[in-house]
Amino acid sequence: MVSILDIIGPVMVGPSSSHTAGACRLGLIARDLVAGTPESALIELHGSFARTGEGHGTDKAIVGGLLGFRPDDERLRDALTIAEKEGLPYTFEKTTLGTEPEVHPNSVRITVQREHRKHTMVGASLGAGRIKVSEIDGYPVDVDGSSHTIVMVAEDIKGSIARIAGLLSDDGVNIATLRLSRKHRGGDAFIVIEVDERPADKVGADLRALPWVRWSHRIDKVGG
Amino acid sequence: MYLSLAEAIKDAEARGVTLATVALEIESRDQGRSIESIREALGRALAVMRHAVEQGLTGDLRSASGLVGGDAAKLRTGPGGPLAGTLFRDVLMRALAVQEVNAAMGVIVAAPTAGGAGVLPAVLLGIGKQKQVDDARLVDALATAGLIGAVVAHRASLSGAEGGCQAETGAAAGMAAGAATEMLGGTPAQVGHAVALAQQGTLGLVCDPLGGLVELPCVFRNATGAAIALAAIEMAMAGIEFAIPADEVIDTMGEIGREMDVRYRETAGGGLAATPTGRRLARERLTQIKRA
Numbered sequence: 029m030v031s032i033l034d035i036i037g038p039v040m041v042g043p044s045s046s047h048t049a050g051a052c053r054l055g056l057i058a059r060d061l062v063a064g065t066p067e068s069a070l071i072e073l074h075g076s077f078a079r080t081g082e083g084h085g086t087d088k089a090i091v092g093g094l095l096g097f098r099p100d101d102e103r104l105r106d107a108l109t110i111a112e113k114e115g116l117p118y119t120f121e122k123t124t125l126g127t128e129p130e131v132h133p134n135s136v137r138i139t140v141q142r143e144h145r146k147h148t149m150v151g152a153s154l155g156a157g158r159i160k161v162s163e164i165d166g167y168p169v170d171v172d173g174s175s176h177t178i179v180m181v182a183e184d185i186k187g188s189i190a191r192i193a194g195l196l197s198d199d200g201v202n203i204a205t206l207r208l209s210r211k212h213r214g215g216d217a218f219i220v221i222e223v224d225e226r227p228a229d230k231v232g233a234d235l236r237a238l239p240w241v242r243w244s245h246r247i248d249k250v251g252g
Numbered sequence: 290m291y292l293s294l295a296e297a298i299k300d301a302e303a304r305g306v307t308l309a310t311v312a313l314e315i316e317s318r319d320q321g322r323s324i325e326s327i328r329e330a331l332g333r334a335l336a337v338m339r340h341a342v343e344q345g346l347t348g349d350l351r352s353a354s355g356l357v358g359g360d361a362a363k364l365r366t367g368p369g370g371p372l373a374g375t376l377f378r379d380v381l382m383r384a385l386a387v388q389e390v391n392a393a394m395g396v397i398v399a400a401p402t403a404g405g406a407g408v409l410p411a412v413l414l415g416i417g418k419q420k421q422v423d424d425a426r427l428v429d430a431l432a433t434a435g436l437i438g439a440v441v442a443h444r445a446s447l448s449g450a451e452g453g454c455q456a457e458t459g460a461a462a463g464m465a466a467g468a469a470t471e472m473l474g475g476t477p478a479q480v481g482h483a484v485a486l487a488q489q490g491t492l493g494l495v496c497d498p499l500g501g502l503v504e505l506p507c508v509f510r511n512a513t514g515a516a517i518a519l520a521a522i523e524m525a526m527a528g529i530e531f532a533i534p535a536d537e538v539i540d541t542m543g544e545i546g547r548e549m550d551v552r553y554r555e556t557a558g559g560g561l562a563a564t565p566t567g568r569r570l571a572r573e574r575l576t577q578i579k580r581a
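These protein sequences, in sequence, are chains D and Y.
Heads up: the first sequence begins at 29 in the numbering used here, then just goes up one per residue.
Heads up: the second sequence begins at 290 in the numbering used here, then just goes up one per residue.
A hint or two may mislead.
Straight-line C-alpha distance at most 25 Å; calculated SDA-like pairs for lysine to any residue [as the list claims (entries may be wrong)]:
| # | chain 1 | residue 1 | chain 2 | residue 2 |
| --- | --- | --- | --- | --- |
| 1 | Y | Lys418 | Y | Gly332 |
| 2 | D | Lys113 | Y | Lys299 |
| 3 | D | Lys160 | Y | Thr476 |
| 4 | D | Lys122 | Y | Ile578 |
| 5 | D | Lys122 | D | Asp106 |
| 6 | D | Lys122 | D | Tyr167 |
| 7 | Y | Lys418 | D | Leu33 |
| 8 | D | Lys249 | Y | Arg322 |
| 9 | Y | Lys299 | Y | Thr476 |
| 10 | D | Lys249 | Y | Gln320 |
Bear in mind the hints are in silico, worked out from the structure with no lab data behind them.
Values in this document were obtained by computation on a predicted structure and should not be read as measured data.
In isolation and in its complexed conformation, chain Y is listed as follows (with noise of 0.2 Å):
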């Protein structure tokens, strides 16, 4: 896989091609397999995503703890805020819903993880509706995401517990402004400028889970991440360019990480984790945790 986005830009504008057709091309080169039968992996993953979707979205789900859960339905039903109606609380809505799955044990794509999973599927299949895209653009967008999480994963890293969680909600921010660019059109340097603009807006983010749980702050997060991701996506396909290169971006991404205390970096040590109201939450729930 390409180890910068630069060269991977490089390429596609020079064939005049994607970035989703590059990567799968040099996906299929590394792993010996047809582009069809990973096209048809990355399906199985999109099926996956909307149904994790659909699940949460029905408002009975609760964590193991009990922290978080039926806060997506509040999107769906609750009362309109000044962004009611829009493309915007609808993505809001559906990180929510898949990042409650998974802390209720349901079943999502690990993209790029656990943890960070509610990012990619808001965006993708929330721009995907409004815009009725078809399935086949969906995978290739899911392709050029993929690029840039290996790009991510080469240079810095995609785990909280090394790099915070500008490494889980904020590198799935930057795969889903990526691949959500493409998808509307933009160009493979576009792509690039959506995912600097993207992971800006990230560096730093800590990794401070109550009582270690992947449940609060990190369901919201999705959220938040997924905002990112919209403002990135609307600054870059309007055609500003972000300075620093997104190679430059994710290097510093990964440097932070490097320099982060341990307390941010899912121990649960600090941050909101830290915090009066957070250590007792975490240990009313863990004590009911035990008892259930």
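Next comes chain D alone, as it looks inside the complex (with noise of 0.2 Å):
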């Protein structure tokens, strides 16, 4: 559904919504994975990203995502130079991710490190500052980025969806979609749940505290 503020909006750092602002919520979405800054990236640009992408400042954008600047903040301009003072050192590689339509022009794969954990993900810009993250670790997904999400894998096990709804119901968390993907039968389970609210931390400890959950992030809601 068309919303007029979708229409009078975003407001971004120029020069494009979907080679800025999309970029920026990618990075931001790859930040939320390592639950922080990373402190090391590698960024797969692919197609019209990989083409035009420097002077659209997609390098700067989704670098400034990784830092946790949302779109409309005009320190993305600097993300490049702030992201060196700030010890976030990232490595930019033109590669091709497929052809069209599997694969959007403006696709990119971002791969994180923090602390013990590393993740990878590939999304793309849709136009107008909409994306969507078609993979993460592998697993197939569907992430726009419009409602706080929690990402998690956990053993395929009988029950798992019940008392991952059981928890989060315990936890005033109301559950707005739920979608599960798998590489193959009985193999690890990649759960992607789009929530009302933003969870609050204890929700995630919660979440791993189970004992087949491998692991569960909270993404946090990045715009239409």
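Please dock the two separately framed chains into a single complex, following the hints provided.
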């Protein structure tokens, strides 16, 4: 459903809603996968991101997102310099992630590492600042950043979804959508849960305390 | 939100209220959010638009490639042409200002997109200043513009990559024309004619940025888009009616966009981007960005 505020907005640093605002949001999501500013980042640009990204500030926008800057933060312009000062070593490479229409022309693969955590995601900027994360650690997902989201990997045991739903309900979190994907039957399940309110830190701790949950992260809403 | 302007106009007329009123009511219902809080968000957008205009008029901004910047200031202080001292020149100046800020990685409101962000603030703030329009009415105008943009998004597209520049600066011209017409006291039906008059003037407009950067011709196309909006406002306020309804003009824009060759949809494969000079400038400037 189109909203007036989607049309009169977002407020953003230019010059391109897809190459700048959307790219920044993808960086913010990658940051949340390691729950903070990464200690290193590999950013592989595909298609139009690789071709015209520099002129559009896509490089600055993604690194700015990794630093926690939102799309309307004027520090995005100086994000590369700030990253060097704050000790975020980043590497850019050009890559081919596949062919259209399977892979969107504005796609990127971001690998981030912090402390013992290392994750890789593939995402695309779809235009007008909208994004879609299509893959996390090799699992197919569909995260658009328009809701607060919990992503987790759990052993595929019977009753796991019921336990998770019960735990979220006990913590006062209302589930909007829940999707589960597996690489193969009996393999680990990748679970993406979109929720109405930002879950408290306790929710993540409770989920991680379940013995069959390998890891769980909260991805904050990054706008439409 | 409404899926057609005709439906919105009918509702507004039946109740004797503005399109801004019906748009805010539907938005409130759709989003489960109070009208007051929507107005506050639009008020924040208005403040950002104003700031971008002021920032752009200082004239010391350059884009990443150096292809654009400093031209808004020329309209502010440079020699006068035949339209010196007029609202027209003032609006052109504001459109260039916002778009130069955008190209220099400044903060703008993507309304409807970053590439078309200059038109709406130029027209609303330019007319608003001349007619001393208060902020509450400017916020109403943004709501009306949002309604028009939402209808365009639903029926056609707001993306240059999908529909060419007619879907960006063209849609922005329609939004600005309709919103300003209502702000000046035009009826809902006159708003419809203003939208149709503006968008008929941008049908077929291609998206052909040099090197794929939102710079050239984008900055200037915001100024000419704003000029088309002014023409549409003047005609609609004079009572001129455009025979093809706005919804059908918007549908036509969508149809042309879908038929448009990919070279003319933001790929820098055709149009001005593919001219000998366009190719040379893009090559030189992109090399310069990489060195910087």
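Lysine 113 of chain D and lysine 299 of chain Y were given as a pair; does the straight-line alpha-carbon distance stay at or below 25 Å? Given pair lysine 113 of chain D, lysine 299 of chain Y is violated - Cα atoms ~58 Å apart, limit 25 Å.
Keeping to a limit of 25 Å between CA atoms, is the pair of lysine 299 of chain Y and threonine 476 of chain Y held or broken? 11 Å, holds
Need the status of pair lysine 249 of chain D, glutamine 320 of chain Y: alpha-carbon distance at most 25 Å? 16 Å, holds
Checking one constraint from the list: CA of lysine 418 of chain Y to CA of glycine 332 of chain Y, max 25 Å. Satisfied? Holds - the C-alpha atoms of glycine 332 of chain Y and lysine 418 of chain Y are around 16 Å apart, at most 25 Å.
Run the distance test for lysine 418 of chain Y versus leucine 33 of chain D: straight-line Cα separation, threshold 25 Å. OK: lysine 418 of chain Y and leucine 33 of chain D at ~24 Å, within 25 Å.
Lysine 122 of chain D and aspartate 106 of chain D were given as a pair; does the straight-line alpha-carbon distance stay at or below 25 Å? 22 Å, holds
Holds or violated: are the alpha carbons of lysine 160 of chain D and threonine 476 of chain Y at most 25 Å from each other? At roughly 41 Å apart (the allowed maximum being 25 Å), threonine 476 of chain Y and lysine 160 of chain D break the hint.
Quick one, are lysine 122 of chain D and tyrosine 167 of chain D close enough, alpha carbons at most 25 Å? The hint holds at about 22 Å.
Under the criterion that the straight-line Cα-Cα distance not exceed 25 Å, is the pair lysine 249 of chain D, arginine 322 of chain Y satisfied? 18 Å, holds
Within 25 Å, alpha carbon to alpha carbon, are lysine 122 of chain D and isoleucine 578 of chain Y? Roughly 16 Å separates the two Cα atoms, so the pair holds.
Hint compliance for this structure: hints 2, 3 are not met, and every other hint is.
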